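Participant: Sequence:
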Amino acid sequence: MKKLHIPIAALVLGLMLSSNACSEKTGEAANTRGKWVLEQLGGAAVAMPEGREMPYIEIDSTGQNLTGYAGCNRVFGAMRIWGDSIAFPGLASTRMYCEETQKTEDSFLEALNNARTFAIKGDQLVLSGGKE
Numbered sequence: 001m002k003k004l005h006i007p008i009a010a011l012v013l014g015l016m017l018s019s020n021a022c023s024e025k026t027g028e029a030a031n032t033r034g035k036w037v038l039e040q041l042g043g044a045a046v047a048m049p050e051g052r053e054m055p056y057i058e059i060d061s062t063g064q065n066l067t068g069y070a071g072c073n074r075v076f077g078a079m080r081i082w083g084d085s086i087a088f089p090g091l092a093s094t095r096m097y098c099e100e101t102q103k104t105e106d107s108f109l110e111a112l113n114n115a116r117t118f119a120i121k122g123d124q125l126v127l128s129g130g131k132e
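Residues in the sequence shown are numbered from 1 upward in steps of one, following the numbering used here.
The set of hints was computed from the structure by calculation and includes no laboratory data. Keep in mind that the hints are not guaranteed to be accurate.
Derived CB-CB ranges, DEER-like [stated by the list, open to error]:
1) E50 to R74: 34 to 42 angstroms
2) G122 to C98: 27 to 35 angstroms
3) E50 to G83: 36 to 44 angstroms
4) G34 to N113: 32 to 40 angstroms
5) G51 to S85: 36 to 44 angstroms
6) A92 to E53: 16 to 24 angstroms
The calculated DMTMM-like cross-link candidates involving lysine to aspartate or glutamate, where the alpha carbons are at most 25 angstroms apart (straight line), are [to be verified]:
7) K35 to D123
8) K103 to E53
9) K103 to E58
10) K121 to D84
11) K35 to E58
12) K121 to E58
13) K35 to E105
14) K121 to E50
15) K35 to E50
16) K103 to E50
17) K35 to E53
18) K121 to D60
Because the structure is a prediction, the values reported are computed rather than measured. Virtual Cβ for every residue (Gly too), placed ideally from N, Cα, C.
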């Protein structure tokens with residue numbers, strides 16, 4: 001199972017996703033395609049209420065679009081990768097309100113919107129972005 005981590009340290013907002021990759025890779029050659037499940041957010045393990053699916057993103061086979069689940073709502077949009085840079089322009093989601101998971105969802109979507117660079121380290125896809 002691929003896992004997603006979002007640690008926050010100093011001025012760097014990071015998003016970590018885990019997969020079955022074994023070596024560190026950066027840039028366009030890195031395989032970001034597939035389903036990535038959120039594991040950490042703000043440096044803390046993510047736990048969802050019983051019966052709730054874990055948040056995830058799934059990058060399509062072209063590496064240009066993603067779909068996913070943010071904890072309450074579905075997420076979808078385009079993505080761009082160039083060099084070791086990444087962006088999710090026009091990221092959108094459905095707009096239901098779920099009190100028990102809303103904070104996690106809001107933080108997850110903010111981290112995706114702030115992502116600027118990526119690297120694959122072992123079995124983790126790490127997305128990082130400086131806070132403005």
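Participant: For every hint, state whether the structure bears it out.
Facilitator: Structure-based check of all given hints:
1. E50 to R74: 34 to 42 angstroms: violated, 21 angstroms
2. G122 to C98: 27 to 35 angstroms: holds, 32 angstroms
3. E50 to G83: 36 to 44 angstroms: holds, 42 angstroms
4. G34 to N113: 32 to 40 angstroms: violated, 21 angstroms
5. G51 to S85: 36 to 44 angstroms: holds, 37 angstroms
6. A92 to E53: 16 to 24 angstroms: Since the Cβ atoms of A92 and E53 sit about 19 angstroms apart, the hinted range of 16 to 24 angstroms holds.
7. K35 to D123: Holds - the C-alpha atoms of D123 and K35 are around 13 angstroms apart, at most 25 angstroms.
8. K103 to E53: Roughly 15 angstroms between the alpha carbons, so the hint for K103 and E53 holds.
9. K103 to E58: holds, 21 angstroms
10. K121 to D84: At roughly 13 angstroms apart (the allowed maximum being 25 angstroms), D84 and K121 satisfy the hint.
11. K35 to E58: holds, 4 angstroms
12. K121 to E58: holds, 18 angstroms
13. K35 to E105: holds, 17 angstroms
14. K121 to E50: violated, 30 angstroms
15. K35 to E50: This hinted pair holds, its Cα atoms lying about 21 angstroms apart.
16. K103 to E50: holds, 16 angstroms
17. K35 to E53: holds, 13 angstroms
18. K121 to D60: Distance ~20 angstroms between K121 and D60 Cα, so the pair holds.
When each numbered hint is compared with the structure, violations occur for hints 1, 4 and 14.
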